Amino acid sequence: MRAPRRIPVLALVLTLVGIACLVIMVFGDALSGHDHRAMNLDRRLAPPLTDGHLLGTDELGRDVLARLLTGLRWSVATALSATFIAFMIGTTFGLVAARGQSALGGVMRLLTTFTQAFPPFVLAVTVIAVMGDAGFFSIVLTLGLVTWPVFSRVVYAEARSLFEREHVLAAEMTGMPAIRLFVRHVLPGLVPSLSVLVVFHFADMIVAESALSFLGIGAPLGAATWGAMLSESRGYMLSAPWLTLSPALAMVAIIVCAHALGQHLRNASR
Amino acid sequence: MSALRGLRDLVFVLLATMTVLFFLLRLTGDPAVVLAGDGASPAQVEAIRAEYGFDEPLLVQYAVYAGKLLTLDFGTSLADGTPALEKALISFPATLFLAVMALSVNLLISLPAGLWLGQARSGIARRTVRGIITVMQGFPGFVIALLMINAFAVGLEWLPTVGFGGPATWILPTLSVVSFLAPKLIRVIEANTYAALTSNYVRTAKASGAPDNVILWRHVAPNALLGAIALVGAEFAFMLTGLVVIETIFAWPGIGWLLVQSTLSLDFPVVQAVVFLMVVGVFATNALAEHLQAALDPRIGNARGAD
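If you read the sequences in order, they're chains A and B. What the first sequence shows, in numbering that gives the first Met the number 0, is residues 0 to 269, in sequence order. What the second sequence shows, in numbering that gives the first Met the number 0, is residues 0 to 306, in sequence order.
Think of the hints as simulated: they come from the structure by calculation, not from any bench. If you're wondering where the values come from, they're calculated on a predicted model, not measured in any experiment. Don't be surprised by glycine CBs; every beta carbon is placed ideally from N, CA and C. Treat each hint with caution, since some may be false.
Claimed, not checked - Computed footprint of chain A on chain B; a stretch qualifies when at least three of its residues, placed anywhere within it, have a C-beta under 8 angstroms from a C-beta of chain A:
{"no.": "1", "region": "14-20"}
{"no.": "2", "region": "243-250"}
What the hints assert, rightly or not - For each label pair, taking beta carbons as the anchor points, the in silico distance ranges come out as:
{"no.": "3", "chain 1": "A", "residue 1": "Leu40", "chain 2": "B", "residue 2": "Glu156", "range": "24 to 34 angstroms"}
{"no.": "4", "chain 1": "B", "residue 1": "Leu6", "chain 2": "A", "residue 2": "Ile18", "range": "29 to 39 angstroms"}
{"no.": "5", "chain 1": "B", "residue 1": "Ala49", "chain 2": "A", "residue 2": "Arg179", "range": "38 to 48 angstroms"}
{"no.": "6", "chain 1": "B", "residue 1": "Arg125", "chain 2": "A", "residue 2": "Pro191", "range": "25 to 35 angstroms"}
{"no.": "7", "chain 1": "A", "residue 1": "Leu11", "chain 2": "B", "residue 2": "Arg7", "range": "21 to 31 angstroms"}
{"no.": "8", "chain 1": "B", "residue 1": "Leu88", "chain 2": "A", "residue 2": "Arg36", "range": "44 to 54 angstroms"}
{"no.": "9", "chain 1": "B", "residue 1": "Ala250", "chain 2": "A", "residue 2": "Leu44", "range": "22 to 32 angstroms"}
{"no.": "10", "chain 1": "B", "residue 1": "Pro111", "chain 2": "A", "residue 2": "Ser268", "range": "23 to 33 angstroms"}
{"no.": "11", "chain 1": "B", "residue 1": "Gly38", "chain 2": "A", "residue 2": "Met24", "range": "25 to 35 angstroms"}
{"no.": "12", "chain 1": "A", "residue 1": "Leu48", "chain 2": "B", "residue 2": "Gly130", "range": "23 to 33 angstroms"}
{"no.": "13", "chain 1": "A", "residue 1": "Thr173", "chain 2": "B", "residue 2": "Thr70", "range": "55 to 65 angstroms"}
{"no.": "14", "chain 1": "B", "residue 1": "Ala2", "chain 2": "A", "residue 2": "Leu44", "range": "54 to 64 angstroms"}
The following block holds chain B by itself, in its conformation from the complex (with noise of 0.2 angstroms):
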């Protein structure tokens, strides 16, 4: 049933979306005229208004529109006359890339620090380790890329600053998307291994003799990560519409980085192919976070069957 309301759910958003996207566009300005370029005589842009189908009432022209969309025929880019679709499917790989590299650094250093801070004893250590994070807290992705840039690039020359080349170029694009996602995952699996270290199964171990090791890692780290699934998809799913001004300062050629590039130079079906790539990939990673949760932890799946 789950899984048939999503589907629903997706096509309405879709639809949404791509109905108010289609009017907003229309909205900003003439295609024609950009098309046409700087010194085009009117008759010309009245010639490729009528090409481009665009002296038809919008309503016509949201009809052949919305009829296209079924087949997921996005027409061409304005631009260079490419398929727009392809060009957004051939974007997608880098954002991908820089969300999953993203992901797995995030829980590498999250996971450790999550558990660290749930079971310590508060002292100048904990404080000064919860101090770091609330600091970093404050400061916004992009600023961190700025200043990393400018100390790691620029002053040092230990890296690339921009581009998208070899494990160079990934390394400050990553730490400067996990910088403003850590600290939130950090603190949701600190309150996690804090809430399972009281629990009952916890006390269990305890008094059955386990090392204090064994019951963290065993015991109270699986807990602490499953309640943080459905923070990991949130986080996720932004980093894939989210990205826009990190993909434009490190000149990333992402989906964020095209959206940027076709929104501003009116280029309509690149921008209307973006957008129904990246609500896709929020359904799609919304559905397989709530999915993975019921999977792994056995109470959801419970629940549901007693719905």
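Isolated chain A (complex conformation) (with noise of 0.2 angstroms):
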């Protein structure tokens, strides 16, 4: 039997488009040559690959390709930070809950139940209200709050079974604080789960902000997001079939490679 050599075919391409993302994170819209606001309504839809317009313009002359990188910006900053607050939220309340009495775990159960019941599109409408404005901290903290039982209840199951292993109950019985006890025994326990559900909640999270920004109260009016690009081309799909399908072939790149890196996580931890 001879082992099969295999490129890493899938580890390159993926390593390949995290630095793409993080150039793009980097320089923005600087990289289309163009700016993502400025107007040229002589040349609106233009279609791609006219006059150093890679992708085309709009209806209202903006170049397509760097309002696509600038949206990158604003979907990859907003998917990132959304899933580190229901991350924080969710790891935080499983562990509580692993850890105290049963009554807690019921508590959760309810908390976890009345969080998904709740519509996240009224949730979203209400808080971007009550901060008075549509921005990056409303639609972040919206998609947090609405989304952090995806982590409570795996850390919930994964942690209680991790209580009752012998390291763990060893460690307890020496006295140490229950601070030490989570960061130094149950976390390590728990990285494996945790990564590849992060992976798929920013994916997730890719798509809830678009679907958000797409009905208009996500982002700030005007701005630069994939989904307020796939909502504004909406007028103009005969005549400019590119402004529908440049996000949303961004959107699905960006969301396919998400998941088989989550995959790939995934298989290696088993």
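Each chain sits in its own coordinate frame; assemble them with the hints.
Okay, here's the thing in structure tokens:
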């Protein structure tokens, strides 16, 4: 039996995509050679590859590539922050519930059901109204507050079994403080499943943010986000299909990559 | 016991949801200003505020609201004066209809696909199908909806773009929903099929000479589907609350669409009635899935009896 020699294509592609994202996050629309806000009414709805507009222009003559890159910045930043908030709330809650009495577990189950039953759309609109303005923080806060049960459920289930393990019990018997017990002995055991969850959640947040800004309640008015671009493109589907296709395919590409990474992490942890 | 606990949970969640909703909605804006319309004088706004009781302290308003809630009285729509619950109930069938259609198509696609993937040997065909599913999972439902409108309605002009009329208008919304539900269900059925094929009862059936086809459809398929009931239930519950964007894109007159309209126009009674209906729908679906699973799967029934 000879071991199959395989080039790690997946790892290579994912690394390249990661680097590309990082570069775009740093340089933004400068990479396209155009300002994403610059309008040019003489050159409306120019098809891709005309006059230095790689992906064409939109109904106001703005460069589509510049808007796409600015949108990626927004999408990745909001999705990362929302994932972080959901992760912090969900993990804390799951750990506390797993550690505590069974009544706490019951309370958590109810709170989880409550959060799942509450329509995210209503919460989004109300949070944005309360914060006074549509913007980065209200959208991130909304997504985090709505989606934390994803983490708490997994952490609760896994931490409960971890607390029964011998090394955790032994550490507990030496009188280790609760916080240190969590950080040193429980959290490391959660890392494999949490890392998979974080990656998949990131992809879900990209979709959720785009859906909200598609409905016109996420990003500030006129901001170049993928959801807003999709929403604006609806009037020009026949005359300018690239307006729909560019943000749609960009979103799909980043989600497929995130899923591939999550799948890879899941297989690796088995 | 389980039914009682479910009912207790429902009451708690309804109470919590409706309370949080009440205070959140009051924070979003002043419905009196919306009701009075543009160009109303401060005196007119004041009069409307008094008429609807918006000038009372918030806690008094909440007490009145909670009292009426007990008799399922949500008040009347601020937009047109029709009872709010009636408005929500009228939109419910459209959402339910879309959910049932999507569920049926989803099962029709996912069961054969999952069964085939679960029993197929690894080869080019299997890898191709799995690749397609992975890519499909990357398409958000509303993006699929837009792309399909682009291709089939605007480009080829085969189907109407939006609206809720004959069967032709049902196709695109249903397919959009199925496109993001199916990959998950296929994956679960595939895993269940694989597990069933290595089980003792399949080995016994094989040893007694049953043909592969009979084994697959009579022994493996029911078990694979049984294990997926929880997911099917969760997907159905999700459809009762989560089709906001799809319904908006297709101008589908369901509760998701009504929720967007009423929230954006500060029509509080309608928002409250819609959310109430959604929570009840989610609970009913979860309870139904749980009972269905217990009724169809003797192992679960026994486990609970011994509990």
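Practice item. Any hints from earlier that this structure breaks? Give me their numbers in increasing order, please. Key: Of the numbered hints, 4, 5, 7, 11 do not hold.
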